[in-house]
Structure formats: C-alpha cells, structure tokens
Amino acid sequence: MIFSPAPRAIWPLAPIAFALLLAALHAGAGTVARYDFSGPVTEEHFKAVIGKLRCLVCQNETLLDSNAELAQDLRDEVYQLMASGKSDEEVIDFLVARYGDFVLYDPPVKPSTYLLWYGPFALFVIGVVALVVTVRRRTRNPESTLSAEERERAERLLREAGEGDEHP
Amino acid sequence: MLRYLLPLGIFAALAGFLAVGLKLDPKEVPSPLIGKPIPEFVLPRLEDPKRRFGSADLKGQVALLNVWATWCVSCRAEHQVLQALKESGVVPIYGLDYKDERDKALRWLQVLGNPYEAVAFDEKGRAAIDWGVYGTPETFVIDKRGIIRHKFIGPLTEEKVEDILLPLVRKLKAET
Chain A
1 MIFSPAPRAI
11 WPLAPIAFAL
21 LLAALHAGAG
31 TVARYDFSGP
41 VTEEHFKAVI
51 GKLRCLVCQN
61 ETLLDSNAEL
71 AQDLRDEVYQ
81 LMASGKSDEE
91 VIDFLVARYG
101 DFVLYDPPVK
111 PSTYLLWYGP
121 FALFVIGVVA
131 LVVTVRRRTR
141 NPESTLSAEE
151 RERAERLLRE
161 AGEGDEHP
Chain B
169 MLRYLLPLGI
179 FAALAGFLAV
189 GLKLDPKEVP
199 SPLIGKPIPE
209 FVLPRLEDPK
219 RRFGSADLKG
229 QVALLNVWAT
239 WCVSCRAEHQ
249 VLQALKESGV
259 VPIYGLDYKD
269 ERDKALRWLQ
279 VLGNPYEAVA
289 FDEKGRAAID
299 WGVYGTPETF
309 VIDKRGIIRH
319 KFIGPLTEEK
329 VEDILLPLVR
339 KLKAET
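The listed protein sequences correspond, in order, to chains A and B. With the working numbering, you'll find the first sequence wraps up at 168, consecutive numbering, no jumps. With the working numbering, you'll find the second sequence wraps up at 344, consecutive numbering, no jumps.
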C-alpha cells in the first residue's frame with residue numbers, strides 16, 4: 001500500500017502541521033518585517049532585488065532568506081540605497097563592486113562564463129550530430145542487416161511465439 | 169580503436185575537472201577589490217574614540233589591514249601569528265575591529281598583546297562592507313600607492329606568512 005491513513009490520534013495535529021508548512025513556504029517574510037514599505041520602496045520590489053542576491057556567509061541562500069548577520073547588514077544597505085532612489089542596477093553594481101559576481105545568483109554572460117551559459121547547448125548540438133551520424137551509418141552499413149538465413153530463423157521464432165501467445 | 173579511446177578520454181577529462189574542483193574552496197570568494205585603490209573610510213580608533221583612523225593613514229607604505237573581532241574564534245588562533253609578524257618588524261599591521269564591543273576588544277589586546285599600529289573601530293560593520301568583508305579574519309595587503317594587492321581569507325598561518333605574505337611584501341617594498 002502506498003498511502004496508509006494516519007492513526008486517528010494525530011489528525012488533531014493537522015492544523016499545526018499545515019501552519020508549519022505555510023510558515024516554511026512563507027520563508028523570507030520574517031527577514032523584511034523590520035522595513036517600512038509605506039514609502040518609495042515596495043515590499044514586492046525589495047524582495048525581488050534581494051532575492052537575486054546571494055548571502056556570502058551561507059552561500060546557498062539569498063539575502064531574502066538568510067538570517068546571517070552580514071545578510072541583515074546587506075539588506076539594510078540595499079534598503080537604504082533603494083530608499084534613496086537608486087535603480088536596481090545601481091544597487092546590484094554596488095554589491096558586485098564589493099563582493100564580485102559571486103553575489104549574483106544568475107552569473108552574468110561574459111567570456112569567462114560562456115562555457116557555463118552556452119556549454120549545454122553546445123553539448124546538445126554535439127549529441128544531435130552524433131545521433132544523426134550514427135543513425136545514417138547504421139542504415140547504410142550492411143553489417144547490421146540480417147542474412148537470409150538469420151531472417152528466416154527470426155521469422156520462425158516470431159511465428160512460434162505468436163502461436164503460443166494467449167494474450168490478445 | 170577510437171571507440172575505446174573516446175570514453176577513456178572523456179573519463180580522463182572529467183576526472184581532471186573533478187580533481188581541480190576538489191582543491192577549490194567555495195568559501196574563498198575572490199575579491200573584486202584586488203588591484204583597486206583602498207575604499208575610503210574614517211572611523212574612531214579603538215584605543216581612543218576621540219581620535220580617528222582612516223584610509224588616508226594607510227597610504228604611502230606597504231601595510232596590512234587585518235579585520236578581526238573578539239567574537240571570532242579563528243582570530244584568536246591567528247593572533248599569535250600577527251604578534252610574531254609584528255615582532256619581526258617586516259610590515260606594519262593595522263586593525264579593523266569588526267562589529268565588536270570596545271571593552272572586550274581592549275581587554276583582548278591587553279591580555280594577548282597588541283600587534284597593531286592602530287585599530288579602527290567599525291562598530292556597525294559599515295566600512296567593512298565597502299572592503300567586501302564577509303567574514304573574519306580577513307587580511308588585506310596594501311602597496312605604497314594605496315592599492316589592494318592581495319586578500320587573505322581566513323586566519324593567517326605561519327605557512328601563509330612564509331610562502332605568500334613575506335615574498336609579496338618584499339616585492340611590494342621594492343616597487344617605487
């Protein structure tokens with residue numbers, strides 16, 4: 001059985017579990033609660049910007065998600081820059097100038113990242129070419145076709161299998 | 169023959185990439201500030217809040233700027249290396265006390281010894297952001313023209329001092 005219903009006793013816990021799930025899905029909300037979004041910076045815009053930036057301490061989290069102290073400081077910094085009317089690019093340039101491209105979750109397209117960006121497409125093209133070449137070679141290659149004797153044997157086997165087959 | 173050599177070649181290339189990847193430390197983020205002038209800052213001194221210490225004080229000489237804090241465990245391990253370096257008199261060391269408490273920091277220097285010519289007290293960590301600091305300890309090597317030439321991430325060790333720092337300082341001192 002794939003799904004076994006939970007014993008009755010734990011069902012009352014379901015709302016709590018559901019609340020925890022919602023809280024988990026709502027990650028990041030807590031990190032921006034301290035900011036004032038009634039002014040020029042909207043919550044949505046702020047989250048969009050810090051969601052694109054990497055926390056340098058816990059490297060697999062964005063500035064939106066991270067609770068590291070440095071992430072907090074950098075959020076304050078980004079908020080102040082945005083509140084002072086800086087554009088998204090200016091804010092991102094500010095951080096890249098200090099911490100390098102590493103702060104960006106999406107690495108920029110430039111010569112050192114060509115392999116990263118275009119490599120998969122190049123591999124795909126190589127794969128398609130290899131496939132076409134192999135298929136063509138096979139259709140032309142007499143080695144892969146059956147001799148008359150082999151063909152006869154194959155047909156006999158298929159016939160026998162067909163007779164013994166009880167399924168429709 | 170190619171049918172056997174090709175997979176072998178691919179395997180060798182992959183193994184090569186992975187071998188290099190194993191040696192890389194993802195915690196070491198290369199600083200974009202290397203080769204750039206030091207970021208401007210003016211901060212109160214740790215020892216005397218009425219006096220200032222800033223980027224202007226770092227210029228005109230080969231110097232180190234060491235970012236540290238009393239809450240940083242590896243800074244404690246590094247401290248004796250800095251102390252030995254100070255005693256050798258090869259290069260002046262300046263400190264940037266990062267997000268720290270003044271009392272604790274002063275006591276630290278009193279108990280463990282003070283390897284610094286001067287310490288800037290960066291209570292909020294704002295100057296450190298301009299320096300691209302993301303952890304402690306970090307140590308910047310600054311040349312005579314006020315250009316950052318190298319950044320050590322993590323504690324300085326005797327090996328790092330011998331193998332990297334001292335040769336670099338000698339080279340920078342020879343520059344005009």
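There's no promise every hint is true.
With a cut-off of at most 20 Å between alpha-carbon atoms, the simulated EDC-like pairs for lysine to aspartate or glutamate come out as follows [stated by the list, open to error]:
#: 1; chain 1: B; residue 1: K191; chain 2: B; residue 2: E285
#: 2; chain 1: B; residue 1: K292; chain 2: A; residue 2: D76
#: 3; chain 1: A; residue 1: K52; chain 2: A; residue 2: D73
#: 4; chain 1: B; residue 1: K267; chain 2: A; residue 2: E69
#: 5; chain 1: A; residue 1: K52; chain 2: A; residue 2: D93
#: 6; chain 1: B; residue 1: K227; chain 2: B; residue 2: E269
#: 7; chain 1: B; residue 1: K339; chain 2: B; residue 2: D311
#: 8; chain 1: B; residue 1: K195; chain 2: A; residue 2: E43
#: 9; chain 1: B; residue 1: K292; chain 2: A; residue 2: D73
#: 10; chain 1: A; residue 1: K47; chain 2: A; residue 2: D88
#: 11; chain 1: B; residue 1: K292; chain 2: A; residue 2: D101
#: 12; chain 1: B; residue 1: K195; chain 2: A; residue 2: D76
Calculated from the structure, these hints are not laboratory results.
Here is how each hint holds up against the structure:
1. K191/B - E285/B: violated, 36 Å
2. K292/B - D76/A: With Cα atoms ~11 Å apart, K292/B and D76/A stay inside 20 Å; holds.
3. K52/A - D73/A: Status holds; Cα separation ~16 Å.
4. K267/B - E69/A: holds, 10 Å
5. K52/A - D93/A: holds, 13 Å
6. K227/B - E269/B: Distance of about 27 Å is beyond 20 Å: violated.
7. K339/B - D311/B: holds, 10 Å
8. K195/B - E43/A: The hint is violated at about 31 Å.
9. K292/B - D73/A: Distance ~9 Å between K292/B and D73/A Cα, so the pair holds.
10. K47/A - D88/A: Judged against 20 Å, a Cα distance of about 12 Å means the pair holds.
11. K292/B - D101/A: violated, 24 Å
12. K195/B - D76/A: violated, 23 Å
Of the hints listed earlier, those the structure fails to meet are numbers 1, 6, 8, 11, 12, in rising order.
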